[in-house]
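A.B. asks: Chain by chain, the residues run as shown.
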Amino acid sequence: MTSLALLFTLAAFGIAETAYLIEKRYASEKPVCPIGGGCRAVLESKYNRMFGVHNDILGFGFYVAVCIISGLFVVQVGPTDLWNKLLILMVGGSAIMSLVLIFIQWKIVKHWCFWCLMSSLTVGLMALIIIISGFDVAALTSRI
Amino acid sequence: MDGKPNASYHILRVGMGITFIWIGVLIFRDPQTWAAFINPWVRELIPIDPVQTILGTAVFDIILGFMMLINLLPWVVALLATVHLVGILIVSGINEITVRDIGLATGTIALFWQSLPERHKTMLKHKAKTS
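Sequences listed follow chains A and B, in order.
The letter at position 143 of the first sequence is residue 143 when you use our numbering, and the numbering goes up by one with no holes.
Every number in our numbering is 144 more than the matching position in the second sequence, counting from 1.
What the hints contain is simulated information worked out from the structure, not anything from laboratory work.
Treat the hints with care, as some may be off.
Using 30 Å as the maximum straight-line C-alpha spacing, the simulated DSSO-like pairs for lysine-lysine come out as follows [what the hints assert, rightly or not]:
1) A/K110 x A/K85
2) B/K265 x A/K30
3) A/K24 x A/K110
4) A/K107 x A/K24
5) A/K85 x A/K30
6) A/K24 x B/K265
Distance windows between CB atoms, simulated [unchecked claim]:
7) B/N183 x A/R25: 41 to 49 Å
8) A/W106 x B/V186: 53 to 61 Å
9) B/I155 x A/G61: 21 to 29 Å
10) B/W257 x A/P34: 19 to 27 Å
Far from chain A, some chain B residues (derived; all Cβ distances over 10 Å) [to be verified]:
11) P191
12) V243
13) I246
14) L268
Quantities reported herein were computed from a predicted structural model and do not represent experimental measurements.
Quick reminder that beta carbons are idealized off the backbone N, C-alpha and C, glycines included.
Using the sequences and the hints given, assemble the complete structure.
C.D. replies: Here is the structure:
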């Protein structure tokens, strides 16, 4: 599998995961917590939103954007330099946000949320792909 | 959804969603190559340009895949995906990639049955018994 396909797949996993969390929140249902049991404590804490928007919605928007951008890279449409910069900016920002959220779970809420950690891992792997590509995702298109 | 879908259902749903969207993206990348899969007898039947037809298919694939990912109307989406895949099998004929389409079609059938509301399942079973 090529790196772009992997980036796209990770974003698609993120979409499914955040859509599940949004669905559960709107239905006022408890999400399944496969490992540990701190999902509820974390998801219902006061840190469940940033800039006044729920983290699951922010995550959903981010993953959809990454999916679209990686798709545009594959199709080779539009200004690839701009897509590249946008992707680095978004994944970088999300990686910082993920680190902050991990710290909050570890030191403040003192509970671990499976879905939040999965999302952090997804973002971490995306960052790794971008680093391996030498911060030039556009170059990956020719290797597809 | 009335029933409680298990983890395997969600794994299949997400996997199928990714496959459908990715196929749509790949069609957009090179529609001419994908249009070549359409059999000549189908080209004669359809008045639309094969490339336009295949691009329409790509849009449909992406919509279906996205709906699978977010678990929106899963049984309707799975039914449409099954019909779509059966259509592809008819349109493209038997070739070296047919077995993959059969695999995908059985996957969408499984998704359809798993996500079909209980009342519809009961109705279908009742109809099968009476006929």
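A.B. asks: Evaluate each hint against the coordinates.
C.D. replies: Hints, one by one, checked against the model:
1. Only pairs whose Cα atoms come within 30 Å are accepted, and A/K110 paired with A/K85 is rejected, the gap being roughly 35 Å.
2. Annotation: proposed proximity of B/K265 to A/K30 holds, straight-line Cα distance about 27 Å (limit 30 Å).
3. Under the criterion of a C-alpha separation no larger than 30 Å, the hint pairing A/K24 with A/K110 is consistent with the structure, at around 22 Å.
4. Distance hint between A/K107 and A/K24 is fulfilled; the C-alpha atoms sit about 26 Å from each other, no more than 30 Å.
5. In summary, the hint linking A/K85 to A/K30 is not supported, as the alpha carbons are separated by about 38 Å, beyond the 30 Å threshold.
6. Restraint check: the Cα-Cα separation between A/K24 and B/K265 comes to about 25 Å, which is no more than 30 Å; the hinted pair holds.
7. Remark: the range hint 41 to 49 Å for B/N183 to A/R25 is upheld by a beta-carbon distance near 48 Å.
8. With their beta carbons about 59 Å apart, A/W106 and B/V186 fall inside the hinted range of 53 to 61 Å.
9. Checked against the hint of 21 to 29 Å, the C-beta distance between B/I155 and A/G61 comes to roughly 24 Å, which is consistent with it.
10. Here the CB-CB span from B/W257 to A/P34 is close to 24 Å, well matched to the stated 19 to 27 Å.
11. The beta carbon of B/P191 sits about 27 Å from the closest Cβ of chain A, which is more than 10 Å, so the claim that it is off the interface holds.
12. Separation of B/V243 from chain A is adequate, the least Cβ-Cβ distance of about 20 Å exceeding the 10 Å criterion.
13. Residue-level check passed: B/I246 sits 22 Å from the nearest beta carbon of chain A, beyond 10 Å.
14. Every CB of chain A is more than 10 Å from the CB of B/L268 (nearest about 26 Å), matching its label as outside the interface.
Checked against the numbered hints listed earlier, the structure breaks hints 1 and 5; every other hint is satisfied.
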